[in-house]
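The listed protein sequences correspond, in order, to chains A and B. First residue of the first sequence: 245, per our numbering; consecutive thereafter. First residue of the second sequence: 3, per our numbering; consecutive thereafter.
It is worth saying that the hints were derived from the structure and are not from the lab. Keep in mind it's a predicted model, so treat the numbers as computed, not measured. Hints are not guaranteed to be accurate.
Under 8 Å between C-beta atoms, here's a sample of chain A residues computed to sit facing chain B [claimed, not checked]: (1) L286; (2) I374; (3) P387; (4) K493; (5) F499; (6) P520; (7) S523.
Cβ atoms here follow ideal geometry from the backbone N, Cα and C, with glycine treated the same way.
As a plain string of letters, each chain reads:
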Amino acid sequence: MNKLANKTYTYYFLLPAGIVYFVFFLLPTIMSLFFSMTWWTLTDWEFIGLENFKTFLSEPSLNIGFKNTLIYAVVTSGLKVILGLLLGVYLSSKLKTVGFIRSMIFFPTLLSTIAVGIAFTMMMHPSQGIINIVLSGLGIVGPDWLGDTDIALLSVALVDVWKGVGMATVIFIAGIMSIPQDYYEALKIDGGNAWHNFKSIIIPLSRPAMNTVIILSFIGGLRSFDLIWTMTKGGPGFSTDLIASIIYKQYQAGFFGLSTAGNVILFILVSALAFPLYSYLNKKEVDL
Amino acid sequence: MLIVRKVLTPLSILALFFGVLTGCSSNEGSILNTTDPKESTISILIDNQIEQDGIRAVAANIEKKYHIKTEIETRPSGVEGHEVIKTRLATGDMADLVFYNSGSLLQALNPEQYFVDLTQEPFINNVVNSFKKSVTVNDKVFGLPFGNALAGGWLYNKKVYRQLGLSVPKTWNELIANSEKIKAAGKTAVIGTYKDDWTSQLIVLADNHNVISQNPTFAEDLAANKAKFATSPAALRSFEKLSEVYQKGYLNSDFKTASYKDGVEMLVDGTGVQYPIVSGVLSVIKRDFPDRINDIGFFPQPGDSADTNGMTVFMPAAIYVNKNTQNLEAAKKWLTYFASSEGVKTFLSNKIIVGPLAIKGTEVPNNIIPAVKDMLPYFESQDTTPALENLIPLKGPNLPQITVQVGSGQLSAKAGATLYDQDVEKQAKELGLTGWE
């Protein structure tokens, strides 16, 4: 008995963390699975089976939402990888101002998304915004960044990239720095130039960093909400609605069961896209 | 010793855990002042867009008279505010007095569960009858209407109208003819401010008088699933008007990104001439451009026939009493004062009146602004219809987005109306109305 107590007492110390994890994470997850199948007013509920899922999937703006969510995730994660990699290579070189530029690039990551959204909304105003004022000074007629339904989503995606590329760059810098010098020396002996450096050493060997960036920014893009909500509220009309903003609008309308069902669907969608992507990318990693 | 430790370890862990938890929670509810039995504190939750001077003046008088302190809490306006209300009611953490919309939004809250029935209170007799209907659910009166009603319609710049020799339109065709002339004169005929998407709904919402005068049972039929916007010609006409304004190129070029504030500026300086909006905007103009307020006039949204010309009216919001309040008596005293003529006078002392008042026996001061003078004849001749959302508990939550789409040419009027019918259907099912199973 004493022996058992000696073996198990350590688990008591896991209890606080365990309880917090259960109460704030597992329990809500299980509850949301349940409430997604109910007609729910927060105080009252009635079990209605899969009705909410049916209603959610027949939502007229959902097609736009799915399409926009995928475009947004692919565009933001793609640009973050490309720009992050280039900036990472540039900033892991031995420039004098490297510290300064690194902080410049990383700085937007520290800002509140809402503040960034409000600031860019003002800068993207078609006639009074600084972007179009500068463009017109150069003789270019700037578009209506957030009002034109064809480009509004991309405008927001660009702001997301501006804000997120710093994090991607830092991850790439860490990845590139961890590549041992031997490889570069070997390449030099073989007579390789800078392009070979990039193609044959940096890209394959910074794969773990690249995968981290892809996964993080792709998942971030799929469930992105705050920036789009501050900048366009899903508008004009429904043209920049993402799945997350559709869910939020249903929640605002007081359709609690329905919006919970939407969240379950979003959860399934993110898992269904992220897990295969993750295992695919992991297979392509090589050892240093 | 070992037993002690065995008991102590989990206990201390639990204690630590609850210590952490209680450290996180904070009690923001109202605190009763128990030291002085004559004094109590009433908390009131209001919209943060409301100017507080009126309510503060009322609160100061109530404190002098009854020793009841008032604690004003604010919440965001619009749909986010509705969410705060719903969540706080559902979790039982609500202020004693609650400021909230009347009509359909009140019905959607399930007021019998959350608010005190005020039907028998003497102060309810002071409420004008047409207002009482919008705070009544299942024959019980739940709220005391707050302030004045608002009209939905078109504000216009009278100076420009005079310059161009235009007269107030009584039919939609006259409105279109006026707009053509304004456009030809190089000005914006119709101001669109669809960045604040709620403003895009006004052409549809303010058309309700025309809809109901052509199809008197439309509201009931819509609520009972017997009529649809897309298939009732009178109702579809509202969406067609919205679409027409865009198709004919009357809107300002930046209508998709212009805000409500931009719209007010355009109207005041005359670069934009007509603005479909709610009359509440007049108090903003009076505050920000006091010297221009006399240039602004009002006309209701015209229908297809001049004979049925009339105005759509939005009922005022109201104050409700939280059913779980600890201070019911104090809350009733508060409302009694608020509904007295002294209370109304105090409340309005620094305000301009932008519509008819909800409390009887209050004289409308004679310094009313011209745009409101334009509204009064319609009230006197009773050519008014409450907004659709004041008649039935249905207003689809996606209407602002849909009207932006129709109003910016992304959707046809018919397609927009069909989409809105689906939105209404979802809400009707969620509310459990009969006829929608």
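The hints, checked one at a time:
A hinted interface residue such as L286/A counts as satisfied when its beta carbon comes closer than 8 Å to some beta carbon of chain B; here the least separation is about 4 Å, so the hint holds. The criterion of a C-beta within 8 Å of any C-beta in chain B is not met by I374/A, whose closest approach is roughly 14 Å, and the hint is violated. For P387/A, the suggested interface contact is broken, since its CB lies about 11 Å from the closest CB of chain B, more than 8 Å. For the restraint placing K493/A at the interface with chain B, the shortest Cβ-Cβ distance is roughly 7 Å, inside the 8 Å limit, so the hint holds.
At about 5 Å, the closest approach between the beta carbon of F499/A and any beta carbon in chain B falls short of 8 Å, and the interface hint on this residue holds. For P520/A, the suggested interface contact is broken, since its CB lies about 33 Å from the closest CB of chain B, more than 8 Å. Taken as an interface hint, S523/A does not check out: its beta carbon lies about 37 Å from the nearest beta carbon of chain B, beyond 8 Å.
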